[in-house]
Structures are given as structure tokens and as C-alpha cells.
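Undergrad: Turn these sequences into a full structure, and let the hints guide you.
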Amino acid sequence: MNRDAYRRAKSTVIVWLCGLAVVIALLPLAFILFFVVSQGVLSLNLGFFTNLPVPVGETGGGMANAIVGTLILIGLGGLFAVPIGVISGIYAAEFAGTKLATAVQFAADTLNGVPSIVIGVFVYGVAVLPFKQFSAFAGGVALGVMMIPIITRTTEELLKLVPVSLREGALALGATRGWATLTVVLPAAAPGIITGIVLALARIAGETAPLLFTAFNNRFLSVRLDQPISSLTVQVFTYAISPYEDWHRQAWAGALVLVTLVLLCSVLARVATRRLERLQTGQ
Amino acid sequence: MAALPKRRDLGFVLLTGGVGLSVVLVVAAIAFELVRQSQLSIAKFGLSFWTNGIWDPVSGEFGARPFIWGTLYSSVLALLLATPISLGIAMFLSELCPQRMRQPLIFLTELLAAIPSIVYGLWGIFVLVPAVRAVQTAFPDFLRQLPLFTGPTAGIGMMSAVLILAVMVIPFTSAVAREVLKSVPVAQREAAYALGATQWEAIRAALFYARTGIIGAVMLGFGRALGETMAVTMVIGNNPQISLSLFQPQYTMAAVLANEFTEAADELYLHALIEVGLVLFVITLLVNGASRLLIWSMNRPPRARKVEPVAAPLGEAA
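Residue numbers (our numbering), protein chains in the order written: chain A, 1 to 283; chain B, 1001 to 1318.
Hints were generated in silico from the structure; no laboratory data involved.
Nothing here was measured: the structure is a model prediction, and the numbers come from that model.
A couple of the hints might just be wrong.
[Unchecked claim] Here are the simulated BS3-like pairs of lysine-lysine, each with C-alpha atoms no more than 25 Å apart in a straight line: (1) K1182/B to K160/A; (2) K99/A to K160/A; (3) K1182/B to K10/A.
[Said to hold, decoys possible] Computed far set for chain A versus chain B, every beta-carbon distance over 10 Å: (4) T59; (5) A190; (6) I241.
For each residue, glycine too, the CB sits at the ideal point set by N, CA and C.
TA: Written out as C-alpha cells, the structure reads:
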């Protein structure tokens, strides 16, 4: 009897501890969001989006160059990674079980685990050293390499969710395997895949380490792919470790822009996935 | 089942297979390139690169031991903090949580993984480090005698890095652990409850059932912690020394790359840095490989049963 009470008490305590673990993990999230928002809004104004950085001592500088740079960089990264990721994901799903498909899955998982800074080192070797020039192109390659495994695995998982009967229907009507995939299976999975790509782009927009010695940084507004280019993340890093108050404030504003971007995409993706699920179960 | 592709499918197979192959080649290229670009340092220092504790760009002597130590020490400590919390979250969200709270809570814990590393770093410098400094200054003197707590009370140092790493690892470990727990058959739990188990005893049974996958989840978090760059670089103090103390500024492999790469003036220095990247690559590869193997073995049927099917149709085995 006594032992039962002990067991039940122990169980209750542990259940509460598990709930406490959730609270402990969400506290830093609340703290970070609170500081980013409260510090960020102080120096977030129109000038932040339209002005270029100004020398130390002057105020009123912005991060227009970094915002443009980030957009160019994730655009480039997407340009490299989306075709490669989607097509290799199609292969991994369509020919699952073959040696190459397993190798693709394995490679994507491996690539996903490679630290981002190491990807930066790799791209420095293949896209910076040969040209003796930091460049937006190299930064885009680095971000692309980071995105490939995410898109590959997302595409693969989503294609596998498409009911076999759809594919069988297409094949029964005489479609080739490639045609069936392209016109029936892929469109069925497309909304999910696009959501995955948006999410991957948002995540990649927050990357700093692979850009440090590929895209480097640029104080001026640059849209040239063969020149160093600025990015929000690298700019925030530079400002954060500087000793100047005004730069610190701007770093917070940059962080706010980054976090807003990432959170907005996460929420949108979540809403989209929910709607998809509802559509699919409603059928 | 899949026979040779029909001729009209050949183009599809070749195109998708070719692109798929390119992903495999990228991984191979990373390994190749890291070795090629660090050959000067590999040739000059050999294996002593891993064990030499001196990193002196001026005299051209390079050893990675302080960085390997810093990376492993910070990651292991972060895991010690993050693992119980992550498992608690996984258990709560997969077994205990009221249905209506589940999805929102999952979403929130996943947001932790969505916040960019640089934002963690920024927050670390301006909020966490001062807080840690206050804690360190308030530390009782007799505890400061312990090797774990000697050194300056600057806030910047191992303790801040460990705290921030722990927070960053939690979403990864808890997400995988949750998936692993979900793959435990419901019958397992029902059986435990049927025998009169309390909630915790039933979960413990599930945890035991899922133990390989759980270890895999923890190792996946370990892999993440090893490679984390920006946040750690900004708070760990960047001082290549080997110390047990949580108060001492130290250095990690990822951080030395982030800080010194663009400053590497001569070729040997650059090659030594790239070899640090190679070491980091090899270590994360091993950790992630082991982790995937464990998680993957979880998804297979637990143990081969000795019971033969009554009549296995010929040719359909495996």
C-alpha cells in the first residue's frame, strides 16, 4: 500500500519535471524574442532599410547594402540548390532501394551534418582561391550547398507521401515513369515541396559562418556577382563585436529583421502545411 | 521488382540519377578539397597536429589540441545540460501533454532551432554574458578554489558558451527523441498499463525500448554542438588554452576558423586552419554517422525473431 503511494508520487513528480523541461526550454526563446524586439525597434526606422552604413561617429546609417546582399545571396543559393535538390529528391524517392538512391540519401544526411563553417572552408577552396577574389557568387554557392540536403530530403519525403494509386493510374494510362512523375506525382506534392523550399530559404538567410570568407562583406551597395557582397548576418556580426554603441543598436535592428523574416516564414509554412493536411484528409 | 528501365524511361533515369550523383560528389569533393588545401600543414606536422598544444602563427607552429579540447569540452558539457531537458520535452510532448497543447508546444520548441545562430550570439554578448558575469562574481570563494571555477569573472568564457550551446541543441535532440518515442508500439505502453504501471513506469518501459534511438538523438545533438560557430565564437573568449575551468576563456575549432581565416597571411597558416576544418569535418562525420546508424537501427524491427513463418513462399524472402 505504502509502496503504491510512493510509486504514484514518483510518477507525478516526474511528469511535472517533464513539463518543467518544456518551460525551461521555452524561457530562453521568450528572453531572446523579448530582447530582439525591444532592442531592435529602438533603431529600426525607414533609414535602416534605405541608408548605407556610415563611418563611426556619424549616426543615421542603415543596412540597405546588407539587405540587398542577403536577398541576392539567398536568390543565388536557391538558384543552385532548388533544381539539384528537387531532382535528386525525385531520384531518391522514385528509385528508393537502389544503391544510388541510398547513396543520395546518405550523402544528403552527411551534407546536412557538415558544420556550416566547414562548408565555408570548402567553398573558399573551390570558388574563392581560384579567382583570388571573395565574391557574391562564392557566397551563393556556399548557401546553395547548405540548402541542397534540406531540399533533397523534403522532396523525397513528400513524394513518398503521394498515394501509389495516383502513380499507378498514370502508368496504367500508358505514361512513362518520368512523365507520370512529372505530370501527376510531382504536382500532387508540389505545395509541400514549395513550403519546404521557402522554409529552407528562410533558414539559410540566417546563416553567417559560410559567408565569412566566401561573400565576405562590402560597405557599399553592390549587386555584382564577382565582387564581395554584404549580408545582414555578417553585418550584424561585425557590428556586434565592435566597440561602438551606435553599431550595437544597429546590430539589434538587423537581428530583428532576421528574426522577423525567419519567424514569418515558419508561421506561413505551418499554416500552409495545416491547410494541406486538411485538404488531404478532407478528400 | 524494378527491372531494367524501359528505353523511353532512360532519359528520366539518367537525368535524375546524374543529379543525384552530383550530391554524392559534393560530399566527396568536400573531403578531397579539405585534404588538398591543407597538405602543407599535413606534410609538415603529420599526426602531431592533433596533439600539439601550441598555436603560434608568428613562429609558424600549429597544433590543434586546444581547439579540439575546446570543441569537445563545450559540446559535452552542453549535452550534459541539454539531454535531460530534451528527453523531458520529448516525453512530455509525446506521452503526457494534453492533445490540444501538443502542436503549439511542438511549434514553439522548433522555433528555437529557427532562430539564427548570429542572433543567439548577439543575445549572448549583450544579455547572457553580463548575467553569467554577475553569477561568477557572486560565486563563494571556497568554490572558486575548485579547478572547475578558477579564473577571471569576465562572463565571457566556457560557461556562457555551454549555456548557449545547450539551448541551441535542445530542439534537435528533443525532436528526434520525440520521433523515436513515437515509433514505440502502442501495445508496449498498453501492456505496461495493463500490468498496473504508473505513467512514469510506462514511459520508462518505452524509453528502454527506444534506448538505441534515444542515444542516437543525443549524438545528433552532439554533432550539432560540435559544428556550432557564430554563437560560440562570440561568447567563448577565443583563447587557445586547455582548462577545465568554466570561467576561463577558451577556443573551439569552428571559432578559430571564423576568426582567423581571413587574417591568415602566409600559406602554412592557411593550410593549418583548413586542416582544423578537416579535423572538425572528420569528427562530426563520425559522430553523425554513429547517430544515424543508431536511429536507423531503431526503425527496423527490434530483434530478429526465432519464429519462422509457417509457410514462407519461395523466392519472396527479403
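Undergrad: Against each hint, give a clear statement of whether it holds in the structure.
TA: Hint by hint, here is what the structure shows:
no.	hint	in the structure
1	K1182/B to K160/A	holds (20 Å)
2	K99/A to K160/A	holds (18 Å)
3	K1182/B to K10/A	holds (23 Å)
4	T59	holds (19 Å)
5	A190	holds (16 Å)
6	I241	violated (7 Å)
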